[in-house]
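*Asks:* The listed protein sequences correspond, in order, to chains A and B. Letter by letter, the first sequence follows residues 1 to 278 in my numbering. Letter by letter, the second sequence follows residues 279 to 407 in my numbering.
Warning: the hint list may mix true and false statements.
Unchecked claim - Rough simulated footprint, nothing fancy, chain B against chain A, three-plus residues with beta-carbon under 8 Å:
{"#": "1", "stretch": "31 to 38"}
{"#": "2", "stretch": "104 to 110"}
{"#": "3", "stretch": "113 to 122"}
{"#": "4", "stretch": "176 to 189"}
Calculated from the structure, these hints are not laboratory results. We put the CB at the ideal spot given by N, CA and C, even for glycine.
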Amino acid sequence: MTLPRQVIRPGNPSLDASRRANLPFSPAVRGGDFVFLSGIAAIDPATGEPVHGTVAAETRQILRRLDQLLQAAGSSLANVVKVNVLIYSMLEYDNMNSVYREFFPTDSPARTVCGAKLIGGHKVEIECVALASATGLHPSADRLPRNVIQPANPKLNVSRNANLPHSPGIWTGDYIFLSGMGPVDPLTGGRNLGPIAEQIRQTLRNMAHMLESAGSGLDRIVKMTVVLADAGDYDEMNRVWREFFPMDPPARTTCALQLSNGNGVEIECIALAGKRPS
Amino acid sequence: MRSVISAPVPGLDLRREYGHHQSPAIRAGGLIFCSGMVAINPETGEREHGTVTSEAQRIFENLKLLLESAGSSLERIVQVHAMIYDRIEYDVLNRVYRRYVPNAPPARTVMSVQIEAGFKVMLDVIVAA
Numbered sequence: 001m002t003l004p005r006q007v008i009r010p011g012n013p014s015l016d017a018s019r020r021a022n023l024p025f026s027p028a029v030r031g032g033d034f035v036f037l038s039g040i041a042a043i044d045p046a047t048g049e050p051v052h053g054t055v056a057a058e059t060r061q062i063l064r065r066l067d068q069l070l071q072a073a074g075s076s077l078a079n080v081v082k083v084n085v086l087i088y089s090m091l092e093y094d095n096m097n098s099v100y101r102e103f104f105p106t107d108s109p110a111r112t113v114c115g116a117k118l119i120g121g122h123k124v125e126i127e128c129v130a131l132a133s134a135t136g137l138h139p140s141a142d143r144l145p146r147n148v149i150q151p152a153n154p155k156l157n158v159s160r161n162a163n164l165p166h167s168p169g170i171w172t173g174d175y176i177f178l179s180g181m182g183p184v185d186p187l188t189g190g191r192n193l194g195p196i197a198e199q200i201r202q203t204l205r206n207m208a209h210m211l212e213s214a215g216s217g218l219d220r221i222v223k224m225t226v227v228l229a230d231a232g233d234y235d236e237m238n239r240v241w242r243e244f245f246p247m248d249p250p251a252r253t254t255c256a257l258q259l260s261n262g263n264g265v266e267i268e269c270i271a272l273a274g275k276r277p278s
Numbered sequence: 279m280r281s282v283i284s285a286p287v288p289g290l291d292l293r294r295e296y297g298h299h300q301s302p303a304i305r306a307g308g309l310i311f312c313s314g315m316v317a318i319n320p321e322t323g324e325r326e327h328g329t330v331t332s333e334a335q336r337i338f339e340n341l342k343l344l345l346e347s348a349g350s351s352l353e354r355i356v357q358v359h360a361m362i363y364d365r366i367e368y369d370v371l372n373r374v375y376r377r378y379v380p381n382a383p384p385a386r387t388v389m390s391v392q393i394e395a396g397f398k399v400m401l402d403v404i405v406a407a
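Between the sequences and the hints, there should be enough to build the whole structure, so can you do that?
*Replies:* What follows is the structure in structure tokens.
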């Protein structure tokens, strides 16, 4: 059985930031028990233009849109299970928190807040995972199998080759979670540190190989997280993204952080498994 | 079904201790989503700033408490965002990390970010229930 994967867009088209700006990610993707939202930054609901305000103002704007998007997916704020907040400076934590608490008065979701360089000069960006509906495919009593997945090409098994304490990916229930991947050359296992567009292409080809090794594929990805070494590479990344995801792209969150080994990019994803593990 | 996993020991309730508006973890769809964990004394709730090694150790011990109270375990972790204050400590993190997940370790992405209250490590995990 393969689960359907459905792209969710907001009811109000002016709030569809990725479509308005012709960006290659979907606002949200539903598959399995969960709906995965892309990182949301503040935009004006009337014009769709980016809003640059205080942390409190941006947080309020974002959480209103998050609420609307969840409703468009048939979910709600009460169904949110996990929130990730990216903030330009952790000194502003309390300013974010004071607005945040208004939106999740009781039984608040699990949450992680960290400071990172955001795209587009925004101060806050928020993504979340929510239950698509109150009654899911897997009742809470389920104890799902958990399996390590490996790439068919051993040169791409970076963690094994460098003796690092992570697995290439883990398959549990309906989902495959991949570790962050970089531009590794599939012939030599070395780093392929060419121009950023080539690095991103190489990484996405490797990701396709990793998912296909487990019976899934790029078209089954629901959510991606991209870390760039340089926020200035954002547009170049989007150009490459369109080559790989011409239609119904995954939900995506991007930020800029320090990376190892001279990598210009690192990408991780959550994908729907191709079939249930036996 | 979405259910809140409450803190098994008082110190792990960051909402009560520090006004962080979050639950320690949420269980849904066969998975457990944990809030980002930092080095907190599980009894007193006091922040225990230290080295990457000491903070990561404390976090794993707390995570063990939290997951086992929910009927899961460290072996059931599927994905980790391992956040450190500086990428240069990557190998230091790995040394302590591999002790807690020696076999079939979770998928992982290491990120160098700014962490709350001057901590050096934060672990953000998703676990099979």
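*Asks:* Hints first: check each against the structure and report whether it holds.
*Replies:* Status of the hints after comparison with the structure:
1. 31 to 38: With 3 residues in contact (Cβ-Cβ under 8 Å with chain B), the coverage given for the stretch 31 to 38 of chain A holds.
2. 104 to 110: holds (count 5)
3. 113 to 122: Answer holds; 4 residues pass the 8 Å Cβ test.
4. 176 to 189: holds (count 4)
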